[in-house]
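Participant: Here's the letter readout for the chains.
2 protein chains.
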Amino acid sequence: MITGDHEDLTEHRVSGTAVFDGKLLHVRRDVVRLPDGSEAVREYIVHPGAVTIIPLLDSGELVLERQFRYPLGRELVELPAGKIDPGESTLATARRELLEETGYSARSWARVTTIHPLCAYSNEGIELWLARGLRHEGRRLDHGEFLETFTLALPEAVEWVRSGRITDAKTIVGILWAERIAAGAWPEPGGSGPAPVGA
Amino acid sequence: MITGDHEDLTEHRVSGTAVFDGKLLHVRRDVVRLPDGSEAVREYIVHPGAVTIIPLLDSGELVLERQFRYPLGRELVELPAGKIDPGESTLATARRELLEETGYSARSWARVTTIHPLCAYSNEGIELWLARGLRHEGRRLDHGEFLETFTLALPEAVEWVRSGRITDAKTIVGILWAERIAAGAWPEPGGSGPAPVGA
Numbered sequence: 001m002i003t004g005d006h007e008d009l010t011e012h013r014v015s016g017t018a019v020f021d022g023k024l025l026h027v028r029r030d031v032v033r034l035p036d037g038s039e040a041v042r043e044y045i046v047h048p049g050a051v052t053i054i055p056l057l058d059s060g061e062l063v064l065e066r067q068f069r070y071p072l073g074r075e076l077v078e079l080p081a082g083k084i085d086p087g088e089s090t091l092a093t094a095r096r097e098l099l100e101e102t103g104y105s106a107r108s109w110a111r112v113t114t115i116h117p118l119c120a121y122s123n124e125g126i127e128l129w130l131a132r133g134l135r136h137e138g139r140r141l142d143h144g145e146f147l148e149t150f151t152l153a154l155p156e157a158v159e160w161v162r163s164g165r166i167t168d169a170k171t172i173v174g175i176l177w178a179e180r181i182a183a184g185a186w187p188e189p190g191g192s193g194p195a196p197v198g199a
Numbered sequence: 001m002i003t004g005d006h007e008d009l010t011e012h013r014v015s016g017t018a019v020f021d022g023k024l025l026h027v028r029r030d031v032v033r034l035p036d037g038s039e040a041v042r043e044y045i046v047h048p049g050a051v052t053i054i055p056l057l058d059s060g061e062l063v064l065e066r067q068f069r070y071p072l073g074r075e076l077v078e079l080p081a082g083k084i085d086p087g088e089s090t091l092a093t094a095r096r097e098l099l100e101e102t103g104y105s106a107r108s109w110a111r112v113t114t115i116h117p118l119c120a121y122s123n124e125g126i127e128l129w130l131a132r133g134l135r136h137e138g139r140r141l142d143h144g145e146f147l148e149t150f151t152l153a154l155p156e157a158v159e160w161v162r163s164g165r166i167t168d169a170k171t172i173v174g175i176l177w178a179e180r181i182a183a184g185a186w187p188e189p190g191g192s193g194p195a196p197v198g199a
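Protein chains in written order, with the numbering used here: chain U, 1 to 199; chain S, 1 to 199.
Just chain U, with the same shape it has in the complex (with noise of 0.2 Å):
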């Protein structure tokens, strides 16, 4: 509920099954109640969530990746970012993605938001966080796993987000953020300095 009077658009679920069980992709389609009492099919992707990690560097530097994405038959700029294992807390998710994609460990480590890239077909949740303190230690990609880390000034990160060299949504939403949190516009996010593993 969003405000306090406003119809209720709740859609209540009438029945449901697993259509497609893959490798990667999980997906439902359930028969639903309109508020209007008709019904309507949703086809959705069953998701578990994901982090993506906003690697700051002191000298002000993001870490960034490229990486080549499939789906679209080409390489994007993004933030490092990977999906919870089952059990997992999403800080453990964070800094074992940083660690394997990027090679950096992070001393402090503070959670910035939510979002949900998708909210049409797929329930995904992604959760940022903002690493800082930042030490390399050495990469551990998983096997299949190809990817290229580099560098680049936080205003210059906006900058290819304005010209529409970055198009990645969790990494515009991150460098945006983060240009609001380096300019002082926006508070810290909450829950800085070392943070136990699997809080």
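It should be emphasised that the hints constitute simulated quantities derived from the structure, not laboratory data.
Don't take every hint at face value.
Said to hold, decoys possible - Cβ pair distances, simulated, as ranges:
no.	chain 1	residue 1	chain 2	residue 2	range
1	U	His26	S	Pro48	19 to 29 Å
2	U	Glu145	S	Ser59	42 to 52 Å
3	S	Ser108	U	Lys83	33 to 43 Å
4	S	His136	U	His6	12 to 22 Å
5	S	Gly49	U	Val46	16 to 26 Å
6	U	Arg135	S	Val19	37 to 47 Å
7	S	Pro48	U	Ser38	24 to 34 Å
8	S	Asp142	U	Arg135	50 to 60 Å
9	U	Gly164	S	Asp8	43 to 53 Å
10	S	Ser15	U	Glu145	16 to 26 Å
11	S	Ser59	U	Ser163	42 to 52 Å
12	S	Ser108	U	Gly138	44 to 54 Å
13	U	His26	S	Pro86	26 to 36 Å
Unchecked claim - Take a look, some chain S residues computed to stay more than 12 Å from chain U by CB distance:
no.	residue
14	Glu88
15	Arg96
16	Thr114
17	Arg140
From a predicted model like this one, the values you see are computed outputs, not experimental measurements.
We put the beta carbon where it would ideally sit given N, CA and C, even for glycine.
Given the structure of chain U, go ahead and fit chain S onto it with the hints provided.
Facilitator: Below, chain S alone, put in the same frame as chain U:
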């Protein structure tokens, strides 16, 4: 290619097939050859693309929607948006969806950018359009479509992003972009003024 000297990360299709052909979702599974010569499976949604409209009233307020998003089991606050119909230009989609969902027509349209909401498993691209010179004509919701519209001052929308009340990725990008244009931090997007449908 993003810079001159980096490895070729391209994944080449070896074989592929449509594994789920639903009412809304279309899923493919392809076998690809990775840069090291090994093979991997890629499952992804094939999508026609979408538009998101940033409707900015002369008063400086945005026109927003609340809509129940079944995959998440709750309402989200979003900018108006919709899928591109076959053969339709993105501007025509933007005009159509703005009118259908909010009842507004716009005198001025400017293309802002294109974003990729979920590059890991969808080929969907979303084109963002800024709509100004709005005039209310009365909305024409599709059968079975339930949503409420409301207006919100741009600074308040930015605050809803910061506080986590707005979590939809396309909406966050649209709001933060609009604020930068309104603040003069980013130039006006090109192509404003009356634009031909089907351009």
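Participant: Please go over all the hints and tell whether each is borne out by the structure.
Facilitator: For each hint, the structure was consulted:
1. U:His26 with S:Pro48: 19 to 29 Å: 22 Å, holds
2. U:Glu145 with S:Ser59: 42 to 52 Å: 49 Å, holds
3. S:Ser108 with U:Lys83: 33 to 43 Å: Holds - the Cβ-Cβ distance for S:Ser108 and U:Lys83, about 41 Å, lies within 33 to 43 Å.
4. S:His136 with U:His6: 12 to 22 Å: 19 Å, holds
5. S:Gly49 with U:Val46: 16 to 26 Å: 23 Å, holds
6. U:Arg135 with S:Val19: 37 to 47 Å: 43 Å, holds
7. S:Pro48 with U:Ser38: 24 to 34 Å: Once the Cβ atoms are compared, 25 Å apart, the range 24 to 34 Å for U:Ser38 and S:Pro48 holds.
8. S:Asp142 with U:Arg135: 50 to 60 Å: With a Cβ separation near 53 Å, S:Asp142 and U:Arg135 satisfy 50 to 60 Å, so the hint holds.
9. U:Gly164 with S:Asp8: 43 to 53 Å: 23 Å, violated
10. S:Ser15 with U:Glu145: 16 to 26 Å: The hinted range 16 to 26 Å holds for S:Ser15 and U:Glu145, with Cβ atoms some 21 Å apart.
11. S:Ser59 with U:Ser163: 42 to 52 Å: 30 Å, violated
12. S:Ser108 with U:Gly138: 44 to 54 Å: Once the Cβ atoms are compared, 52 Å apart, the range 44 to 54 Å for U:Gly138 and S:Ser108 holds.
13. U:His26 with S:Pro86: 26 to 36 Å: Holds, since U:His26 and S:Pro86 (Cβ atoms, about 28 Å apart) stay within the stated range.
14. Glu88: 18 Å, holds
15. Arg96: S:Arg96 is indeed farther than 12 Å from all Cβ atoms of chain U, at 17 Å.
16. Thr114: 6 Å, violated
17. Arg140: 16 Å, holds
Taken one by one, the earlier hints fail for this structure at numbers 9, 11 and 16, listed in ascending order.
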